[in-house]
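Student: Take a look at the letters that make up each chain.
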Amino acid sequence: MYAYDQYDQAMVDARVAEFRDQTARRLAGQLTEDQFKPLRLMNGLYLQLHAYMLRVAIPYGTLSGRQMRMLAHIARKYDRDYGHFTTRQNIQYNWIRLADAPDILADLASVEMHAIQTSGNCIRNISSDQYAGVSADEVTDPRPLAELLRQWSSFHPEFTYLPRKFKICVIASEQDRAAMRLHDIGIELVKKDGEIGARIFVGGGMGRTPMVAPEIRDFVPFGQVVSYLEACLRVYNRYGRRDNKYKARIKILVHELGADEYRARVEQEFAQMKTLGLDPPLAELERIAAHFAPPPYETGLSDAIDLSDRDFAQWVSTQVKPHKVPGYAIVNISLKPIGGIPGDASSAQIDLMADLAERYSFDELRVTHAQNIVLAHVRKADLPALWKALEGADLATANLDLISDIIACPGLDYCSLANARSIPVAQKIAQRFADVGRQQELGELKLKISGCINACGHHHAGNIGILGVDRKGVENYQLLLGGSGAEDVALGQITGPGFDEDGIVDAVEKATDVYLANRTEGERFVDTFRRIGMAPFKEALYA
Amino acid sequence: MKILTGNDLATGDVVWWTGTGWSIHVDDAIDVGDKGEQIGKAEEAAQRVNVPYVIDAARDGTAVRPAHIKDRIRALGPTVRLDLGLKPADPTAGNWVI
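Protein chains in written order, with the working numbering: chain R, 1 to 543; chain P, 1 to 98.
No lab work stands behind these hints: they were computed from the structure. Please read all numbers here as calculations on a predicted model, not as lab measurements. Just so you know, even glycine gets a beta-carbon here, dropped at the ideal spot from N, CA and C. Among the hints, a few may not be true.
Calculated cross-link-like contacts (lysine-lysine; reagent style DSS-like; alpha-carbon spacing at most 30 angstroms) [claimed, not checked]:
hint, chain 1, residue 1, chain 2, residue 2
1, R, Lys428, R, Lys472
2, R, Lys165, R, Lys247
3, P, Lys35, P, Lys2
4, R, Lys538, R, Lys472
5, R, Lys37, P, Lys2
6, R, Lys380, P, Lys2
7, R, Lys324, R, Lys165
8, P, Lys2, R, Lys165
9, R, Lys472, P, Lys2
10, R, Lys77, R, Lys192
11, P, Lys87, R, Lys428
12, P, Lys70, P, Lys41
13, R, Lys165, P, Lys87
14, P, Lys70, R, Lys165
15, P, Lys41, R, Lys245
16, R, Lys37, R, Lys245
17, P, Lys70, P, Lys2
18, R, Lys37, P, Lys35
19, R, Lys538, R, Lys510
20, P, Lys70, R, Lys77
21, P, Lys87, R, Lys77
22, P, Lys70, R, Lys37
If you want the ones that stay clear, here's a sample from chain R, every Cβ over 10 angstroms from chain P, calculated [claimed, not checked]:
hint, residue
23, Gly327
24, Glu487
25, Lys510
Label-pair ranges, simulated between beta-carbon atoms [stated by the list, open to error]:
hint, chain 1, residue 1, chain 2, residue 2, range
26, P, Asp56, R, Ala136, 26 to 34 angstroms
27, R, Pro296, P, Leu86, 16 to 24 angstroms
28, R, Ala348, P, Asp34, 48 to 56 angstroms
29, P, Lys2, R, Arg208, 44 to 52 angstroms
30, R, Asp8, P, Val51, 53 to 61 angstroms
31, R, Gly277, P, Leu86, 58 to 66 angstroms
32, P, Lys2, R, Arg438, 45 to 53 angstroms
33, P, Lys2, R, Tyr246, 50 to 58 angstroms
Could you build all of it, start to finish, from the sequences and the hints given here?
Tutor: Structure, rendered in C-alpha cells:
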C-alpha cells in the first residue's frame, strides 16, 4: 500500500489546521454560511437532511487495518456508531457536529487519510478495480497509476474550479469491475506490442443525462498519461459549459462537440503538453509502484478447501473468487444482509473487518463500488475460520452479484437531494428474494436503486434499475431494464409508467419471472433481456 | 399553516421555529403566517440557524405534520433507523412519514 511521504503528510496536516481555523470562525459568527459553505465542501462536509455529513476519501478503495480501525473510531466517537460505504468507494458519516469536524480530520490525518476533494467541482477520489493486483486477468496493477493520479489531481491549481465535478477510474483488465466507462474519464491499462499504456475513454457518466464514454485514444504510452489527462482536462476547462450546471459535465461537451472533434482538440493540446515535462520521471513511477509490490505470499500452499459444511460451501461458491497466486483466494464480504441497509457497517463490524484483514489478508482491505468489502489475499486454508468470524458478525451473507446484492444510494432517508427513499425498497426486494436457492436460481442479477435523478445508486447501470421520483409529493419508482456497468456496458431502458413502493417490488418479481420463463441455457438476466427485448417484460408488467 | 425550519448551526440538527427560539420537535412549531421568510433571515443573520425555509404543514391537535414527505423525514429521522430518530420507542413511527 502507498505510504505518505513528508509532502503528502504536510499537505494534509496543513489543511486540517486551516479548516480548524475556518470552523472556529464560523462557530464564532465571523463567517456566514454562504462564505463557509464552499470551505466545508472542499473538506467533504455537507449539510444533509438530518445533520452535517462527512465524506471521507478512500483512494481507489484501498485501506489498511489501521485506517479501517480509525473509520470505526470515528463512527463510535463522533457519529452514531456506524458508517456508510458508498458507490465511489468512500465512506460517509451522517451525524457529524460541526465543532467535531476538525478533530475528525485530524484523526484521519494521523492515519494518512482525509476528506479533501470529496466534494466540489474538482477531480474526486480516483476509483479502481477492487481486485487490483490479485486478479489473473489484469495486464498490470492499476493502483500505481491511480496513486500517481491521486497525487497529480490533489490541489491541482488549474483543476480546482472545473465546470463541474470530475471522476476518474483506472482498471487494467478487460473485465470491468469498476464501471469504468461510466466515469468522466475511464482508463483501461492495456499492453500493446509488449508496452503498457492507457486506453482512454472520456465523457461517461450517469446522472440526469447518462452516457457511455466513447474511446478517445486507443493507446497512450504509460509515461505520457499525465500529459494526456492534462490535455483532456484543459479542453474541458476551456470549452465546458459553466452557464448551466446540468449541462456542465464533460459528457455534455464530448457529446455536443462529437468525439472526433473533442479528440482533435485534445490531440492539439497534448502535442504541446507532452513537451513541457509534466510527466513524472521513471524513478518516481518506480517509487510509487514499489508501494504496491505483492505481499510476501507463502509458496507451496494447497488449493484444497473442505466444503463439507453446506453453508460454508455456499458462501465459498458465491463470495470467494480466484486469486492469481496458488493457495490464495479473494474474499468478498457482503454488506448486504437480507433486510439490512446496503453499505452500512457498525463500528464493531468495521473493527472486526480490520482485525480479519490483519490476521488473514496482509492487513489490507478494499471497498467496492458495489458497497461491499474485499479481503484480497486470503489463504484458502484460512477460509473456514474467516467465514466463522464473519458469520458471527452478520457479515457472511452469500449474495455477491445476486439480486439481493443491491446497490442503493442513501435516498430520501438521508439525502437532501433525493426525491424518494431507496433503502426501504432495497430492503423489501431483498426480503422478497431472501431464499438463497431462489437467488442462486436467478443467477447474476445486478439491481441498483437511486432515490433521484443524480443516480448515485447507479440505476442506469443496473440489469434491473430503479429510479425514485416525486409524483406530487408521493414517492414513485420507475423501472429500468438491461443496464450494465461492466465490460458489456449499457444504459437501462425505462419500462413505462412507475410504481408505488409495494408495486415496484412486485414489478421486479414479474421481471424475474419473464426472465426465468424465457432464458436459455447459461443466459444471465441481462443476456435474456438483450435477446428478447423489452416487449415481453412490458407485457407482464402492465397487463 | 406555515412553519419555519432549518438546521442548527453547530449540530446540524433539524430545528423548527417556536416563536421564541428553535426546537428539535416539530410539534413545537408555530404558524408563522407570512412572517416566516423575515424571521428566517433574521435568525440566519444572527448565526443561529442554517438555510431556514418555510413549509406547509397541518396541525392535528397538539401534533404538527409537514405537508411533504421530505420534511416529515426531517422531522422524524431516517425511516430505516427509527432507533436514531425522535421516537425510538415507537416501532410504527415510520408510518407517520408515509
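Student: Hint by hint, note whether the structure agrees.
Tutor: Hint by hint, here is what the structure shows:
A distance of roughly 23 angstroms separates the Cα atoms of Lys428 (chain R) and Lys472 (chain R); the hinted pair therefore holds under the 30 angstroms criterion. With a C-alpha separation of about 12 angstroms, the suggested pairing of Lys165 (chain R) with Lys247 (chain R) holds against the 30 angstroms cut-off. Using a Cα cut-off of 30 angstroms, the hinted pair Lys35 (chain P) and Lys2 (chain P) holds, with the two alpha carbons roughly 9 angstroms apart. Simply put, Lys538 (chain R) and Lys472 (chain R) have alpha-carbon atoms about 25 angstroms apart, close enough for the 30 angstroms limit, and the pair holds.
With a C-alpha separation of about 27 angstroms, the suggested pairing of Lys37 (chain R) with Lys2 (chain P) holds against the 30 angstroms cut-off. Taking the CA atoms of Lys380 (chain R) and Lys2 (chain P), the gap is near 63 angstroms; set against the 30 angstroms cutoff, the hint is violated. Between Lys324 (chain R) and Lys165 (chain R) the alpha-carbon distance is near 36 angstroms, which puts this suggested pair outside the 30 angstroms criterion. Taking the CA atoms of Lys2 (chain P) and Lys165 (chain R), the gap is about 36 angstroms. The hint is violated against a cut of 30 angstroms.
For the given pair, Lys472 (chain R) sits about 19 angstroms from Lys2 (chain P) by alpha-carbon distance, which is consistent with the 30 angstroms threshold. Distance hint between Lys77 (chain R) and Lys192 (chain R) is unfulfilled; the C-alpha atoms sit about 50 angstroms from each other, more than 30 angstroms. The straight-line distance between the Cα atoms of Lys87 (chain P) and Lys428 (chain R) is roughly 22 angstroms, inside the 30 angstroms bound, and the hint therefore holds. Between the alpha carbons of Lys70 (chain P) and Lys41 (chain P) the distance comes to roughly 22 angstroms, so the proposed pair stays at or under 30 angstroms and holds.
Pair hint Lys165 (chain R) plus Lys87 (chain P) does not hold up; C-alpha atoms about 38 angstroms apart against a cutoff of 30 angstroms. Of the supplied pair hints, the one linking Lys70 (chain P) and Lys165 (chain R) holds, its CA atoms being roughly 26 angstroms apart against a limit of 30 angstroms. Restraint check for Lys41 (chain P) and Lys245 (chain R): satisfied, since their Cα atoms lie roughly 26 angstroms apart, inside the 30 angstroms limit. With a C-alpha separation of about 18 angstroms, the suggested pair Lys37 (chain R) and Lys245 (chain R) falls inside the 30 angstroms cut-off, and the hint holds.
Pair hint Lys70 (chain P) plus Lys2 (chain P) holds up; C-alpha atoms about 16 angstroms apart against a cutoff of 30 angstroms. Between Lys37 (chain R) and Lys35 (chain P), the direct Cα distance comes to roughly 26 angstroms. Compliance with the 30 angstroms bound is thereby established for this hinted pair. Between Lys538 (chain R) and Lys510 (chain R) the alpha-carbon distance is near 10 angstroms, which keeps this suggested pair within the 30 angstroms criterion. The hinted pair formed by Lys70 (chain P) and Lys77 (chain R) meets the criterion: a straight-line CA distance of about 28 angstroms does not exceed 30 angstroms.
The suggested pairing of Lys87 (chain P) with Lys77 (chain R) holds, with an alpha-carbon distance near 23 angstroms, which does not exceed 30 angstroms. For the hint pairing Lys70 (chain P) with Lys37 (chain R), the CA-to-CA distance comes to about 22 angstroms; that is within 30 angstroms, so the pair holds. The beta carbon of Gly327 (chain R) is kept farther than 10 angstroms from every beta carbon of chain P, the shortest such distance being approximately 41 angstroms. For Glu487 (chain R), the non-interface assignment is confirmed: its Cβ lies about 33 angstroms from the closest Cβ of chain P, beyond the 10 angstroms cut-off.
At the 10 angstroms boundary, the C-beta of Lys510 (chain R) stays outside the reach of chain P, the nearest C-beta of that chain being 23 angstroms off. Under the hint 26 to 34 angstroms, the C-beta atoms of Asp56 (chain P) and Ala136 (chain R), about 59 angstroms apart, miss the expected range. Restraint check, Pro296 (chain R) to Leu86 (chain P): a C-beta distance of roughly 52 angstroms breaks the suggested window 16 to 24 angstroms. Between Ala348 (chain R) and Asp34 (chain P) the beta carbons are some 51 angstroms apart, a value that agrees with the proposed interval 48 to 56 angstroms.
At about 31 angstroms, the CB distance of Lys2 (chain P) to Arg208 (chain R) disagrees with the hint of 44 to 52 angstroms. Against the hinted window of 53 to 61 angstroms, the Cβ-Cβ separation of Asp8 (chain R) and Val51 (chain P) comes to about 35 angstroms, which falls outside the hint. For Gly277 (chain R) paired with Leu86 (chain P), a C-beta distance near 59 angstroms keeps the hint of 58 to 66 angstroms intact. Between Lys2 (chain P) and Arg438 (chain R), the C-beta spacing of about 50 angstroms keeps the proposed range 45 to 53 angstroms intact.
Take Lys2 (chain P) and Tyr246 (chain R): their Cβ atoms lie about 30 angstroms apart, and the range 50 to 58 angstroms is violated.
Consistency with the previously given hints fails for numbers 6, 7, 8, 10, 13, 26, 27, 29, 30, 33, ordered from lowest to highest.
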